[in-house]
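Novice: The listed protein sequences derive, respectively, from chains A and B.
Per the numbering used here, residue 1 is the first one in the first sequence, and the count goes up by one each step.
Per the numbering used here, residue 1 is the first one in the second sequence, and the count goes up by one each step.
Hints were generated in silico from the structure; no laboratory data involved.
Mixed in with the good hints, there may be bad ones.
Some chain B residues near chain A, calculated using beta-carbon distances under 7 Å [as the list claims (entries may be wrong)]:
hint : residue
1    : Thr7
2    : Thr8
3    : Trp30
4    : Ala183
5    : Ile186
6    : Arg213
Built from N, CA and C at the ideal position, the CB exists for glycine as well.
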Amino acid sequence: MSHDTMHIAFTLNGKAVEIDVLPHERLLDTLRYTLGLTGAKEGCGEGECGACTVHLDGLPVNSCLVPTFQVRGRDVRTVEHLSPALLAPLHECGATQCGACTPGVVMAAAWIRDNSHLLSRFSIRELMAGNLCRCTGYDGIVHGVERLVASEQGAA
Amino acid sequence: MKVACPTTLAEAISHKALGFTPVAGATDLWAHWPVRTANHDLSYVDLSGLHELRGIAWSAEHLTLGALTTYWDTMQDSRVNAEFPLLIAAARYVGAIQIQSRGTWAGNIANGSPAADGVPALMALDARVRLVGSNGERTVPLDRFYTGYRATVMGVDELITAILVPRRTYSFTAFEKVGPRRAQAITKVGFAVAHSADGWRVVANSMAATVRRCPSLEAILNASHPNPPAEPDLRAAASKDLAPISDIRSTAEYRTEVFARLLRSTLATMTARP
Ligand SMILES: Cc1cc2nc3c(=O)[nH]c(=O)nc-3n(C[C@H](O)[C@H](O)[C@H](O)COP(=O)(O)OP(=O)(O)OC[C@H]3O[C@@H](n4cnc5c(N)ncnc54)[C@H](O)[C@@H]3O)c2cc1C
Ligand code: FES
Ligand code: FES
Numbered sequence: 001m002s003h004d005t006m007h008i009a010f011t012l013n014g015k016a017v018e019i020d021v022l023p024h025e026r027l028l029d030t031l032r033y034t035l036g037l038t039g040a041k042e043g044c045g046e047g048e049c050g051a052c053t054v055h056l057d058g059l060p061v062n063s064c065l066v067p068t069f070q071v072r073g074r075d076v077r078t079v080e081h082l083s084p085a086l087l088a089p090l091h092e093c094g095a096t097q098c099g100a101c102t103p104g105v106v107m108a109a110a111w112i113r114d115n116s117h118l119l120s121r122f123s124i125r126e127l128m129a130g131n132l133c134r135c136t137g138y139d140g141i142v143h144g145v146e147r148l149v150a151s152e153q154g155a156a
Numbered sequence: 001m002k003v004a005c006p007t008t009l010a011e012a013i014s015h016k017a018l019g020f021t022p023v024a025g026a027t028d029l030w031a032h033w034p035v036r037t038a039n040h041d042l043s044y045v046d047l048s049g050l051h052e053l054r055g056i057a058w059s060a061e062h063l064t065l066g067a068l069t070t071y072w073d074t075m076q077d078s079r080v081n082a083e084f085p086l087l088i089a090a091a092r093y094v095g096a097i098q099i100q101s102r103g104t105w106a107g108n109i110a111n112g113s114p115a116a117d118g119v120p121a122l123m124a125l126d127a128r129v130r131l132v133g134s135n136g137e138r139t140v141p142l143d144r145f146y147t148g149y150r151a152t153v154m155g156v157d158e159l160i161t162a163i164l165v166p167r168r169t170y171s172f173t174a175f176e177k178v179g180p181r182r183a184q185a186i187t188k189v190g191f192a193v194a195h196s197a198d199g200w201r202v203v204a205n206s207m208a209a210t211v212r213r214c215p216s217l218e219a220i221l222n223a224s225h226p227n228p229p230a231e232p233d234l235r236a237a238a239s240k241d242l243a244p245i246s247d248i249r250s251t252a253e254y255r256t257e258v259f260a261r262l263l264r265s266t267l268a269t270m271t272a273r274p
């Protein structure tokens, strides 16, 4: 039962990284335990909750469902890469309580803000449907994302 | 556990022939991660490095989805949106954005779940599956791809390389999914319906051991066209075509009743149109 390690290179938060990984490693574990980025959280480990959301080549993905070997040569961004200022509209709207879902919520929200043209076809609720929150009841999250998008459009 | 990351289709096929499990978006495979990794003897062949499996292409006859095409790839393609709204309707029901960005149409087909949501939409459009193996290439109609519960005609050495969707003018298409909530839910009752000059297609998911076409329903729809069939006929045909089970998600009675009512009301929206 030997595990051959695999050597992979990818871009993490704008910087080149090269690491050895085990074949069965999930990106979530590589980020948390090899690279020390503990922002992405494990809620369910099966793609349901979105607490582990990161951006892979610019799209939100559940890092618990990404085999690390698949990110070779690709671009990974985590919540650590984002400005803490993004949290302000979420705080203001009561979108944070225990905080377990928050890193994933912020990753989805940042993606919506950066792709706000999508809101002509998709509601915020549809785009946030993969981020579960046990505390806030979702209205605060939806309002927070609306405010974030509006502040971005005001700033532009 | 062993992983091969080939860069050519030929290498990928030779690994598949040796029993390696193909990995595309991993949204089915890695969802069972703790179970899978407990079995250290498993071997995987990663398809994500195969450029020949990427891309959406159009010819006069077909839309061709490379096997690595994700739901999101189609959802953000304006031409697919314009010509195949049925595919987009189905894609929007799969999981949520984090799943749509990774999950592939081909993975949905190969996984073989009777609850798959991508498969009924493709099957209602008479999609065909291109398979490539050590002895070359063949194309199989999707409605003849499944031989039983999670069993397919795909050979041990074969991979899906593309999905071909014939380009036709549709007068009506509809996709319905009933689940505990809209996102991240496994279908209890579902169907895709399409009408073109080639006649009616009705494809049900979660209503039998495989996603399947409903020949009796299609026949009565063709016979009564352009009017919807009478409800008793519709129920009688549905009971011939379908064999729903009772399981942890629902009961056979619920599935039968909801399927019939939802199909009837869906067909009513068609006739209500000018
Ligand atoms: C939270 C969550 C929600 C989901 N919601 C839905 C839903 O609403 N509706 C739905 O239908 N599904 C849903 N799924 C299941 C899954 O996302 C889809 O079935 C998806 O299309 C699988 O594609 P993939 O590329 O991720 O497949 P993978 O997991 O990579 O592979 C799935 C299977 O297909 C095989 N395979 C993949 N590509 C090929 C190929 N080219 N040739 C041969 N074999 C191949 C693999 O070996 C494996 O057996 C959900 C999954 C999760 C985790
Ligand atoms: S931990 Fe990845 S989706 Fe829940
Ligand atoms: S704030 Fe507690 S889960 Fe969302």
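Novice: Please go over all the hints and tell whether each is borne out by the structure.
Specialist: Hint check:
1. Thr7: 11 Å, violated
2. Thr8: 16 Å, violated
3. Trp30: 4 Å, holds
4. Ala183: 3 Å, holds
5. Ile186: Because about 11 Å separates B:Ile186 from the closest Cβ in chain A, which is outside the 7 Å limit, the hint is violated.
6. Arg213: For B:Arg213, the interface hint is violated, since the closest Cβ of chain A sits about 29 Å away, which is over 7 Å.
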